[in-house]
Every structure is written in structure tokens, then in C-alpha cells.
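Sequence positions in the sequence shown follow our numbering and run 1 to 266.
Misleading hints may appear alongside valid ones.
[Stated by the list, open to error] EDC-like, lysine to aspartate or glutamate: derived pairs with alpha carbons at most 16 Å apart: (1) K248 x E36; (2) K248 x E236; (3) K137 x D154; (4) K248 x E213; (5) K137 x D158; (6) K248 x D37.
[To be verified] Label-pair ranges, simulated between beta-carbon atoms: (7) T138 x R166: 16 to 24 Å; (8) T16 x R254: 16 to 24 Å; (9) S212 x T257: 20 to 28 Å; (10) G147 x T3: 17 to 25 Å; (11) R40 x R166: 18 to 26 Å; (12) E258 x H142: 40 to 48 Å; (13) R166 x Q261: 31 to 39 Å; (14) S212 x I136: 19 to 27 Å.
The set of hints was computed from the structure by calculation and includes no laboratory data. Since the structure is predicted, the reported quantities are computational estimates derived from the model, not experimental observations. All C-beta atoms, glycine included, are put in the ideal place defined by N, C-alpha and C.
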Amino acid sequence: MATAAVNGTNLYFEETGNGTSLLLIHGMCGDARVWEDQVRRLSAHFRCIAYDRRGHTRSPLGEITRRSVELHADDAAALIQALHIGPCLMMGSSGGARIGVDVLRRYPQLVTGAVLSEPPLFALDPEGARAFVAEIKTRLEHAVAAGGSRAAVDAFFDCVCPGLWRTLDEARRERYRANHVELFGDLRMQPYQITPNDLSNTQTPCLVIRGSESHPFLRHVAELLVRALPHARLLELAGAGHVTYAEKPEEFARAVTEFGQRSGAS
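My request is simple: use the sequences and hints to build the entire structure.
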């Protein structure tokens, strides 16, 4: 079991393949295993490092006073430095992509290129975010009342990525439920504050991915992010929902590989 001492905790990580290093950052309630299929596809081109974020599965939460996007970004940056893999490629999905945005913002020297799949950047569309969060909150309240916090995980994913959640077997669903504490921890975090101006000087090449069938709010935020980043392009995966890498795995892996090659990182 490989771990790295980072910012008062020990982050579990898995390393596969050779070539340019690619750090993979999972989203809500996940862990390194969510990337297993992508690692199989990408490890022929990249040295893939997938890790469990602080508080998830095999990585302890550590002694912290509060959770934040910035704390997780500090962890990602410290992991890159601890493993001596920087500057490297970075890839994140959902909340992991939001963390990736903050790494780009505060640690640009560590990243040669970033793949960002549907980061929920609420501050880019506050009005849309309020409606989106209200929808999720209503679902979670009903789920908790009926079945407790683990049932809330089912409700969250059935709301945000119904296409994927309904196809997962029970064992894979249970992996997410096991991190139910982090669902509420993430939802109670202070909103991540970012403006287009904060990203206007970003020189790192970025590939922003969204699914054609994802929630309208998340699709819109992806478009706003591309407008804010000077060196970004938007890729829409037809037929995919929010979890693009799992719903259209072949197309996703091809896009990541081509992006790495174009940016000179593979």
C-alpha cells in the first residue's frame, strides 16, 4: 500500500504505466478506483497516479478544522511535489476538476496541461447554482429522512448522474456509500470563490469536457470556464452525462491522449 505524507495526512495512491506523469483527482465520494478503466486505457501513454483524496477510503482525514477546495488543492500540489512528478498533466472529474482549477490558479508551475470534466464552479453562475443546490438539497433531505446518510449518497448520484448510477452494480455503489461522511463534508464547505478574472492569466493548456446529457447547470458552467481560460477548448461527449470518463470511456481516453500529445506532454 503506497502512501505519501502530505499536509498532516497520508494520501493513498496507485501508480501505473510509464511516460509523462498524469495525476488523477476523483470527485464526490470516490477514490482512486473510479479511474481503474481509464488507467487501463491511458497507462500505455502516461504514468498514471490516482489517489484517494483526504478523508476518502484509504486516506485519513487528518487533523483539520474545516474542509475546503483550497485544502484539497494544497494536498494535490503537495503530492505532486512529494512524488517528484511535476510539472505534470492533471485530470479531474466533478469535484476533482474543481480542485484542479484551484491547482491551476495557485500552483501553475506544477501543471503542464489539465483535463477538467464538469467542475461545479458555483461562483461562475450564482443564480444557476442556487437552483441546482436547492434541487440537490431537497433530494437529500427526503433521502436522509427515509434511509439515513448512506441513502443520501444514492439520492445525490441519482440526481447528478442518473445514467451512470443506475448502471453500477451494488459493489461499486457501496464504494461510494462508504464515503457518505465526505458527501456532507463537501456540501458544507464554504463555497469556492473564483471569477473569470482569476483565470484570465492562466497559461496552461486545458481541455474542458462536458456530457451532452448532463445537468444544464453543469453544462453551462463548463462553457463559462472555457470562456475564462485563455488556452482552453471545450469537448462535448455525445450521449454522456456528468461522469464523462465512465459513460463514454473510449472517447474520453482518446481525447485525453490526443490532448497530451498536442500539448507535448506525451
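Pair hint outcome, K248 versus E213 [Cα-Cα no greater than 16 Å]: The given pair, whose Cα atoms are some 12 Å apart, holds under the 16 Å limit.
Distance restraint hint 16 to 24 Å, applied to the beta-carbon atoms of T138 and R166: holds, 20 Å
Cβ separation of R40 and R166, checked against the hinted range 18 to 26 Å: Since the Cβ atoms of R40 and R166 sit about 23 Å apart, the hinted range of 18 to 26 Å holds.
Pair hint K248 and E36, alpha-carbon separation not exceeding 16 Å: Holds, because 14 Å separates the two Cα atoms, which is no more than 16 Å.
Satisfaction of the hinted span 40 to 48 Å by the C-beta atoms belonging to E258 and H142: holds, 43 Å
Hint consistency between K248 and E236 [alpha-carbon to alpha-carbon, up to 16 Å]: holds, 11 Å
Consistency of beta-carbon spacing, I136 to S212, with hint 19 to 27 Å: holds, 21 Å
Distance restraint between K248 and D37, which requires alpha-carbon spacing of 16 Å or less: holds, 11 Å
16 to 24 Å as the expected CB spacing between R254 and T16, which holds or is violated: holds, 18 Å
Range hint compliance [Cβ, S212 to T257, 20 to 28 Å]: Check passed, 21 Å falls within 20 to 28 Å.
Straight-line alpha-carbon gap K137 to D154, limit 16 Å: holds, 13 Å
Hint check for Q261 and R166 - Cβ pair distance inside 31 to 39 Å: Given about 35 Å between the Cβ atoms, the range holds.
Checked against the numbered hints given earlier, this structure breaks only hint 10.
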